[in-house]
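Asks: Listed below are the residues making up each chain.
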Amino acid sequence: MTSFAGWQMPLRYTSETAEHQAVRRAAGLFDLSHMGEISVSGPGAGAALDYALTGQLSPMPTGRARYTMICAEDGGVLDDLVVYRTGEQEFLVIANASNTPVVFAQLRARADGFDAAVADATGDWALIAIQGPAAASILAPLTDVDLAAMKYYAGAFGTVAGRRAWVARTGYTGEDGFEVFCAPADAAPVWDALAAAGAPAGLRPAGLAARDTLRLEAGMPLYGNELGPDVTPFEAGLGRVVKFDKPGDFVGREALAARAAAGSRRRLVGLTVQSRRVARHGYPVLEDGQQAGTVTSGAPSPTLGVPIAMAYLDADADGAADAGSDGGAGKLDLAVGIRGEAVPAHLTDLPFYRRRQ
Amino acid sequence: MSVPAELSYTPEHEWVSVEGTSALIGITEYAAQQLGDVVYVSLPAPGTAVTAGEPCGEVESVKSVSDLYSPVDGEVTEVNAELEDDPSLVNAEPYAAGWMFRVKVAEDSNGDPALPADLLSPAEYEELTKSAG
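Heads up: the protein sequence lines correspond to chains A and B, in order.
Numbered continuously in this note's numbering, the first sequence closes out at residue 357.
Numbered continuously in this note's numbering, the second sequence closes out at residue 1133.
It is worth saying that the hints were derived from the structure and are not from the lab.
Just so it is clear, the structure is predicted and the values come from calculations on it, not from any experiment.
Positions of the beta carbon are idealized from the N, C-alpha and C atoms, including for glycine.
Hints may contain errors.
Reference listing, derived: stretches of chain B covered by chain A, where coverage requires no fewer than 3 residues with Cβ under 8 angstroms from a Cβ of chain A [as the list claims (entries may be wrong)]:
| id | segment |
| --- | --- |
| 1 | 1034-1046 |
| 2 | 1049-1063 |
So the derived label-pair ranges between C-beta atoms look like this [unchecked claim]:
| id | chain 1 | residue 1 | chain 2 | residue 2 | range |
| --- | --- | --- | --- | --- | --- |
| 3 | A | ASP192 | B | GLU1126 | 33 to 39 angstroms |
| 4 | B | GLU1084 | A | GLY289 | 36 to 42 angstroms |
| 5 | A | GLU341 | B | PRO1011 | 23 to 29 angstroms |
| 6 | A | ALA195 | B | ALA1123 | 35 to 41 angstroms |
| 7 | B | THR1051 | A | ALA105 | 37 to 43 angstroms |
| 8 | A | ALA149 | B | GLU1012 | 55 to 61 angstroms |
| 9 | A | GLU90 | B | ALA1123 | 56 to 62 angstroms |
| 10 | B | ASP1067 | A | ASP245 | 49 to 55 angstroms |
| 11 | B | GLU1093 | A | SER3 | 44 to 50 angstroms |
| 12 | A | SER98 | B | GLU1012 | 29 to 35 angstroms |
| 13 | A | ALA195 | B | LYS1130 | 28 to 34 angstroms |
| 14 | A | ASP192 | B | PRO1004 | 33 to 39 angstroms |
| 15 | A | ALA257 | B | GLU1093 | 46 to 52 angstroms |
Here chain B stands alone, though its shape is the one from the complex (with noise of 0.2 angstroms):
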């Protein structure tokens, strides 16, 4: 199972690519496995203001519906969609393809993005995957 070192991770099993105020956001092939076939994600509509660990979407999947969640503070930028036409490149490539949303993340007072910390590294993600089995 794949868990690309140059990404952060939430304890929902989202991932965050972040460069400058531009945050890309997808869901973890472990996720993806667990919740086999995806057919069908709902996703925030561009503009709409996304909370870090507030539900924002959803994905649905032969066997169950869960919770989207958004790991950062900002504004919806931009969604892929093509996932409309083809849900299965979430399982096919969650870390490429299957990316779900992109969010301008929120600046503190200095300018800089204001990251939650509590986003896992890659080391901390992969040992949480471990210990749920």
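Chain A extracted, bound-state conformation (with noise of 0.2 angstroms):
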């Protein structure tokens, strides 16, 4: 167990790089109800997350769900979300834990002015993840929910093990899967039921640990590593988030465009280290014996057999124009400092693992 963000959460049950696997071969089971739930409704709802996030989202159909970023005045990420329209005035927005306050507080006080009602509903949500290929023939028989039917970032209400819950097919580890919200009462059985039906398929509980290297093979980045206030969403890979052609103004529109115009300092990319050392948040990305980036997240790869990372590399590193999909992949000569040892490692294509369709 490990403390995270003022809650108690399990980094493994067992061993991550099992569960891990089990989460690329069959099915994980994560409880993510640290995860942040902010509730916005009213007749305005949808006018005042377009005002106050990146995205747009008032003409989202109810039963749809969007990735999408709140900034703050100067084009800095306060933090990535998923916003899923629950109804025709409602909102659920999920922030990261630790950004929940943050947020809240935000969007409480972007809403103003706006015919919309915000509320922290973290606390009348837990948030059960089922991940993997196998994760849909798993909760099928538990749910009314036809999730044959349901699309990629899309969520509806039903009963999960005759719970009721919000269902959404979304997640954060590079597979099919779904994310159950459901009464913190209701937590434990629907766990249960789950984790029954699973066993046999190969469904074990995964940790924070198996999440974090789960994510970092499908390229997403994680607030607090990629994302920051000191980074835009056009460094990180993100600028599609952001939506310049919607009505109305939004918190930092102006910042982001002249910073979209001005082009980034730095860019996201992925490296592949040559070694069984791992290249580890924080440590500096080397071109020609000199400092070109930073490392902002790294782990041995489960299923690659490799250390991997991801790094922001300077705009003006020699060649770094060459970095990016255009095969640029593998023709930089780069090295990661190792406590001291500079370790070549290539330039990789984000993301590092693609489920098979």
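Join the two chains into one complex using the hints; note that each chain is given alone, in its own frame.
Replies: Spelled out as structure tokens, the structure:
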């Protein structure tokens, strides 16, 4: 167990590697009740979110979800979010646990003047995720929600193991899977039902350590590592979440437009380390012996069998323009400073892992 | 959690088994559990002089990297080559197949092995892990 943003969280149940592999091959069960849930409701809820966030939420149909961000006036990222439209006038904003107070305070302030109510509903919702190729077949017999008809980034109210839940096809592992939001009092029976139903298929409970290596292989950013108040969405390679073409103003628009026009001073890249030593958060990325960036996340990849990392590479690093999806992978001769030793690393396109469709 | 009675321990969570002047060294089950899945062990090459309480290698796990300390003064005579291919032995059998290295312990003026006075007994080590939570 470990303390995480005021919650007691399981870092691992048994072996984080076995938990990781279970999610890639069968399924994993995650207790994510620490995540923040903020309810935004009322006739002006969509308009309030359009103003408060980088995305355009008002046209999103009920039963759909969107990955988006909340930025400061200067364009820095305050949090990355998933927003569900659970009803015509009801949205549920999912925030990282450590950022929930900030997101709640900002949403409440930014909704001022809109016909919308903002409430911190974190205490009303437990969150259990079932992720992996067997997730749908394990969950389907326990729910009245039509999973086969549910698209990725969609959700619906129904029951799971007889308990009322919001079931969404979302996740943070790079696999197919679902997130089940239910009342805290129902969490234990829902967990037990999913664990029992999934055990024959190879489902295992999975902790924070596996969640981190899974999202890293999938190239997904983690707030506090790849994202923070000193980072813009563009630097993180997530400029697509900023909808400049939406009508009306939104918080951070001016600064974000200026920073998009000026170009990024750094870019998020993937690295494959040519060693068994692991490049970890904060280690320097070296080019020709000079620091050219910094590792944001790194771990031994259970799927690839080698250490992988994400890093911010300075825009003025020689050859940085070669990096990216146009065949640049592997062209740059970089190194990571691992406790005083320059260990060679290859630039690698993100994500490191993509599931078979 | 297992703390075998026949071994001595260090506050840095190594165990040591001394027979004559030969010391077999590894990390404790408590340490292995705290580290999580071990993915790489960097060991001192045979012939390396090691000093008690000083780092002589590294243990990488999925979540962290930790220094490995020698519990004794002496010279490395052998390392566990199995760990190169299967570092998970450290988690599976920390006191057996997951051993790390062997040291010829320095001798005192009487020709006896010169062991540090601050090695911990099993009871003392168990107390230390309990107070660490």
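Asks: For a quick check of understanding: which of the numbered hints are violated here, in increasing order?
Replies: Checked against the structure, the hints that fail are numbers 4, 7, 11 and 15, while the rest are satisfied.
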